[in-house]
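Enquirer: Sequence:
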Amino acid sequence: MSDQNHTLDLARVRDARAGRVSSFDQRGRNQDGWVIGPGQSRVLADLTGPGAITHMFMTQFTRRSVGPSFLDPVDTAETAPVIEMHNALGMNWEVVDPDYYRKVLIRMTWDDDPNPAVLVPLGDFFGIGHSVPSNYHSALFTVSVKPEEELRFGGSAALNCYVPMPFQRRAVIELVNEGELALTSYFHIDYELYRQPLDDDVAYFHACWRRENPCDGWAPDLQVNTPEVNVPNLDGARNYVVLDVEGTGHYIGCNLSVYERQGTWWGEGDDMIFVDDDTWPPSLHGTGTEDYLTHAWGMQKNSALYGGSILHASDLENYSVGYRLHVVDPIHFQSRIKVTIEHGHANHLSDDWASTAYWYQLGPSPAIGILPVADRLPTRPAAEPAPPIAPPLGPVEDEIVANRAAQQERMRHHTERLRERLDTRIELTGEWERGNAEQARDLRERFR
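Read in order, the letters of the sequence shown are residues 1 to 448 in our numbering.
Bear in mind the hints are in silico, worked out from the structure with no lab data behind them. Wrong hints could be hidden among the right ones.
The following label-pair restraints were derived from C-beta to C-beta distances [stated by the list, open to error]:
#, residue 1, residue 2, range
1, P388, D113, 48 to 58 Å
2, E438, E212, 37 to 47 Å
3, T264, E148, 30 to 40 Å
4, V224, P197, 46 to 56 Å
5, S335, T79, 52 to 62 Å
6, V43, G298, 39 to 49 Å
Where a beta carbon is used, it is the ideal one built from N, C-alpha and C, also for glycine.
All chains should be modelled from the sequences, with the hints used to inform the complete structure.
Expert: Below you can see the structure in the form of structure tokens.
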């Protein structure tokens, strides 16, 4: 069978069992989201192998009440998870946390390894750089966002991942909420179970996140593509590092988020990928960041299966997110790989760069940490100061003062009721977390 055409793989019957854990309302009602409180983590999936994650779907939101609502949070707890009314209607006054895609982490651990194989900000894992969602569709990841939420910091979106993630004995997938607000998350995690152990050459999926803000440019005041910056780079020592690990496996790509601090073209730097015993030149040396991301003459406003733009600077000035997926051309390594890119030619620019690297690797996961929340937050243009509050009008001053006091009392009551609702949902989420684990264990016992 192994020498038959691989195009028949989808049609071939295999001895496997499909399963799913999700955020569905285990009471049989329609409140299908999990609520994860500030500083909490929740296990979305705890699976016993051998098996493989085949697909993940997620969508989520965080909202903070700025003013009291006319709709009581507890009374509406079993209707809608969030009040989808425009603030201008006067029924509610809520704002999103614009940075939550960077504050929430997704963590994955295989076979009880002490080190997580995946530890990445939630948004960046799926390709939402800078905490700004934009529509794109690739071979391994998609983001789908409605027009009202697109290109907004913290806008809600549908996130999908199709990367196969095999595990031999156990898989644990968690969300870690390091934000100040509760996170409501909807998710599907689809998987397969197998009766027989995986082959020894099946590697584990990994992902890590890095950031340099700013990159250490030696001439950020000089213009790109001028004679003054056209100096040699013959070692790549100061390049931005996307990935640097030891072991055996293959690199399958990355996404790259850039905020332009110089107001000039950022993508002139070459990709340089050092494999195993490489010194100089590396095994793979490119001709420009946009070329590595499968575009040319700058980044265009489109996405394809294996590369392209997610967020284009023409949509949001000075912000860019691009990706390259090595699905049909993985970069294999036997002992080490170091994936680097120049930030500007010969590293002369000092922009804000962040990246998520994806790769497979045999054996235990390397110890790769994550920056603290404060160092993960996206760069945003300075906001204008709030206008000052004018003194009350003379003839109705008493009424204005009384109205302010009444508003503060309504806000106090609203906040208490909202806290009551959140506490109930957080407790219920704990029960559903245990329910998911029990469901997965039962499916495993029935498929041996």
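Enquirer: All hints are to be evaluated individually against the structure, with a verdict given for each.
Expert: Evaluation of the provided hints:
Distance hint check: the CB atoms of P388 and D113 are about 55 Å apart, consistent with the given range 48 to 58 Å. Separated by about 44 Å at the C-beta atoms, E438 and E212 satisfy the suggested range of 37 to 47 Å. Between T264 and E148 the Cβ separation comes to about 32 Å, which falls inside the hinted range of 30 to 40 Å. For the pair V224 and P197, the supplied restraint of 46 to 56 Å holds, since their beta-carbon distance comes to about 53 Å.
Checked against the given bound of 52 to 62 Å, the beta carbons of S335 and T79, roughly 58 Å apart, stay inside it. Taking the beta carbon of each, V43 and G298 are about 43 Å apart, inside 39 to 49 Å as hinted.
This entry satisfies every hint, going by the numbered hints stated previously.
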